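Quick note, the sequences are listed as chains P and E, same order.
Reminder that position 168 of the first sequence reads as 168 in the UniProt record's numbering, one-by-one numbering, no gaps.
Reminder that position 170 of the second sequence reads as 170 in the UniProt record's numbering, one-by-one numbering, no gaps.
It cannot be assumed that every hint is accurate.
If chains are identical, the list can't say which one is meant, so a pair holds when it fits in one copy or spans any two.
[As the list claims (entries may be wrong)] Only pairs whose alpha carbons sit at most 25 Å apart, straight line, appear in this in silico DSS-like list of lysine-lysine:
{"#": "1", "residue 1": "Lys80", "residue 2": "Lys111"}
{"#": "2", "residue 1": "Lys199", "residue 2": "Lys175"}
{"#": "3", "residue 1": "Lys80", "residue 2": "Lys199"}
{"#": "4", "residue 1": "Lys61", "residue 2": "Lys179"}
{"#": "5", "residue 1": "Lys29", "residue 2": "Lys111"}
{"#": "6", "residue 1": "Lys61", "residue 2": "Lys199"}
{"#": "7", "residue 1": "Lys61", "residue 2": "Lys175"}
{"#": "8", "residue 1": "Lys199", "residue 2": "Lys179"}
{"#": "9", "residue 1": "Lys80", "residue 2": "Lys175"}
{"#": "10", "residue 1": "Lys199", "residue 2": "Lys29"}
{"#": "11", "residue 1": "Lys111", "residue 2": "Lys199"}
{"#": "12", "residue 1": "Lys61", "residue 2": "Lys111"}
{"#": "13", "residue 1": "Lys80", "residue 2": "Lys44"}
{"#": "14", "residue 1": "Lys61", "residue 2": "Lys29"}
{"#": "15", "residue 1": "Lys111", "residue 2": "Lys179"}
{"#": "16", "residue 1": "Lys29", "residue 2": "Lys44"}
{"#": "17", "residue 1": "Lys199", "residue 2": "Lys44"}
{"#": "18", "residue 1": "Lys179", "residue 2": "Lys29"}
Rather than coming from a laboratory, the hints here were simulated on the basis of the structure.
Predicted, not measured: the structure shown is a model, and the values here were computed from it.
2 protein chains.
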Amino acid sequence: MIIIHHLNNSRSQRILWLLEELGADYEIKFYQRNEINRAPPELKQAHPLGKSPIIEDGNFKIAESGAAVDYLIRTYGGGKFMPAIGTDSYERYNEWMHYAEGSAMVPLLMKLFTSLLGEGGEPIQPIIDAEIDLHLGYMESQLGDNLFFVGDDLTGADIMLTFIVEAAESRIGLKNYPKLEAYAARMHDRPAYQRGLEKGGPYELIRTRKD
Amino acid sequence: MIIIHHLNNSRSQRILWLLEELGADYEIKFYQRNEINRAPPELKQAHPLGKSPIIEDGNFKIAESGAAVDYLIRTYGGGKFMPAIGTDSYERYNEWMHYAEGSAMVPLLMKLFTSLLGEGGEPIQPIIDAEIDLHLGYMESQLGDNLFFVGDDLTGADIMLTFIVEAAESRIGLKNYPKLEAYAARMHDRPAYQRGLEKGGPYELIRTRKD
Chain P
1 MIIIHHLNNS
11 RSQRILWLLE
21 ELGADYEIKF
31 YQRNEINRAP
41 PELKQAHPLG
51 KSPIIEDGNF
61 KIAESGAAVD
71 YLIRTYGGGK
81 FMPAIGTDSY
91 ERYNEWMHYA
101 EGSAMVPLLM
111 KLFTSLLGEG
121 GEPIQPIIDA
131 EIDLHLGYME
141 SQLGDNLFFV
151 GDDLTGADIM
161 LTFIVEAAES
171 RIGLKNYPKL
181 EAYAARMHDR
191 PAYQRGLEKG
201 GPYELIRTRK
211 D
Chain E
1 MIIIHHLNNS
11 RSQRILWLLE
21 ELGADYEIKF
31 YQRNEINRAP
41 PELKQAHPLG
51 KSPIIEDGNF
61 KIAESGAAVD
71 YLIRTYGGGK
81 FMPAIGTDSY
91 ERYNEWMHYA
101 EGSAMVPLLM
111 KLFTSLLGEG
121 GEPIQPIIDA
131 EIDLHLGYME
141 SQLGDNLFFV
151 GDDLTGADIM
161 LTFIVEAAES
171 RIGLKNYPKL
181 EAYAARMHDR
191 PAYQRGLEKG
201 GPYELIRTRK
211 D
């Protein structure tokens with residue numbers, strides 16, 4: 001049985017979505033952010049980094065989103081949700097899998113952290129905002145008129161990148177990126193996404209289109 | 001022929017090291033940081049993100065370190081430098097590959113950027129320093145007395161993580177992490193690492209032990 005250590009309003013929501021897409025059996029262990037929005041110390045009992053998501057499967061434990069998504073797809077996807085290894089599409093998939101947290105998420109995290117500084121953080125906001133624009137513009141142009149980031153069906157790349165788009169929407173809005181905005185709405189309409197939301201509890205990183 | 005778009009003092013040094021370990025034929029296109037330490041605009045002609053490393057191989061282009069390292073190893077490694085897909089060791093390898101830039105590098109980048117703020121950035125330095133300590137302590141404990149991060153030989157995980165250790169050494173020092181310090185020294189002693197350094201030109205993220 002797969003166990004997912006799930007922190008509210010975190011990257012682990014993407015794992016719940018994926019597990020629902022996979023139709024996998026899993027158990028959720030719930031953790032709540034504390035009053036200063038940090039993960040609670042109990043997560044350190046699950047893994048020394050004390051971050052979420054953490055997945056366990058048998059004796060195996062993974063605490064890094066990209067690796068966890070890739071592992072679950074290879075193990076439980078039955079060939080779906082990723083291109084075959086050795087194809088050009090696979091390399092593109094793998095690049096997006098690394099790009100999501102390794103590049104695109106970084107300036108969004110900087111925005112979040114430096115916002116804690118108030119006026120003291122203002123001098124670097126233009127640099128951070130330019131970086132965010134660079135990445136959103138790149139994703140927008142690469143997505144183009146496609147329904148998914150790789151090929152004609154959902155892959156792990158979409159699971160990874162949807163969270164980035166959600167984080168961008170909650171922090172700076174997506175009015176300059178209509179393709180990404182429509183993409184996020186399509187992902188949110190998926191029944192498995194909705195089931196993941198119900199399982200995970202309140203999630204403040206998406207706006208419903210009724211807002 | 002593999003082409004590597006190489007920016008001085010950047011993550012692309014790790015690609016030169018890997019290419020030397022692989023014994024691959026490759027061509028370097030050199031780019032120099034400008035007077036404010038940013039990548040020059042010419043890199044945007046190679047890839048819209050304008051960052052380094054960028055590798056090209058035939059019609060294929062990858063602009064994300066973890067994906068580039070993994071691609072080169074799968075394509076030119078002849079089975080070396082990574083565990084077989086499907087093994088527990090492979091999952092560990094894949095997790096480190098994602099962890100390096102997706103987690104460990106993030107607070108080091110925050111340290112670099114918020115240092116530009118001077119006094120204005122001081123309130124969040126304790127949070128950033130605690131994050132850096134968390135990750136270095138984790139890497140130190142996971143490495144333990146092993147010579148490499150996965151198995152008994154060099155893998156892509158070492159290529160990825162050595163750069164993190166170098167960045168940590170240049171920004172905060174490694175006196176609290178003797179295993180990581182010794183590990184970096186071992187990696188730096190490798191003939192392929194040295195050849196990569198010679199090919200790439202001056203690299204300020206490592207200190208020789210004579211310093």
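Taking the hints in turn, this is what the structure says about them:
| no. | hint | result |
| --- | --- | --- |
| 1 | Lys80 / Lys111 | neither (35 Å within a copy, 40 Å between copies) |
| 2 | Lys199 / Lys175 | neither (30 Å within a copy, 45 Å between copies) |
| 3 | Lys80 / Lys199 | within (23 Å within a copy, 42 Å between copies) |
| 4 | Lys61 / Lys179 | between (36 Å within a copy, 24 Å between copies) |
| 5 | Lys29 / Lys111 | neither (29 Å within a copy, 33 Å between copies) |
| 6 | Lys61 / Lys199 | within (21 Å within a copy, 39 Å between copies) |
| 7 | Lys61 / Lys175 | neither (39 Å within a copy, 30 Å between copies) |
| 8 | Lys199 / Lys179 | neither (28 Å within a copy, 42 Å between copies) |
| 9 | Lys80 / Lys175 | neither (32 Å within a copy, 47 Å between copies) |
| 10 | Lys199 / Lys29 | within (11 Å within a copy, 50 Å between copies) |
| 11 | Lys111 / Lys199 | neither (29 Å within a copy, 36 Å between copies) |
| 12 | Lys61 / Lys111 | neither (30 Å within a copy, 29 Å between copies) |
| 13 | Lys80 / Lys44 | neither (33 Å within a copy, 34 Å between copies) |
| 14 | Lys61 / Lys29 | within (14 Å within a copy, 40 Å between copies) |
| 15 | Lys111 / Lys179 | within (23 Å within a copy, 33 Å between copies) |
| 16 | Lys29 / Lys44 | within (13 Å within a copy, 44 Å between copies) |
| 17 | Lys199 / Lys44 | within (23 Å within a copy, 43 Å between copies) |
| 18 | Lys179 / Lys29 | neither (35 Å within a copy, 34 Å between copies) |
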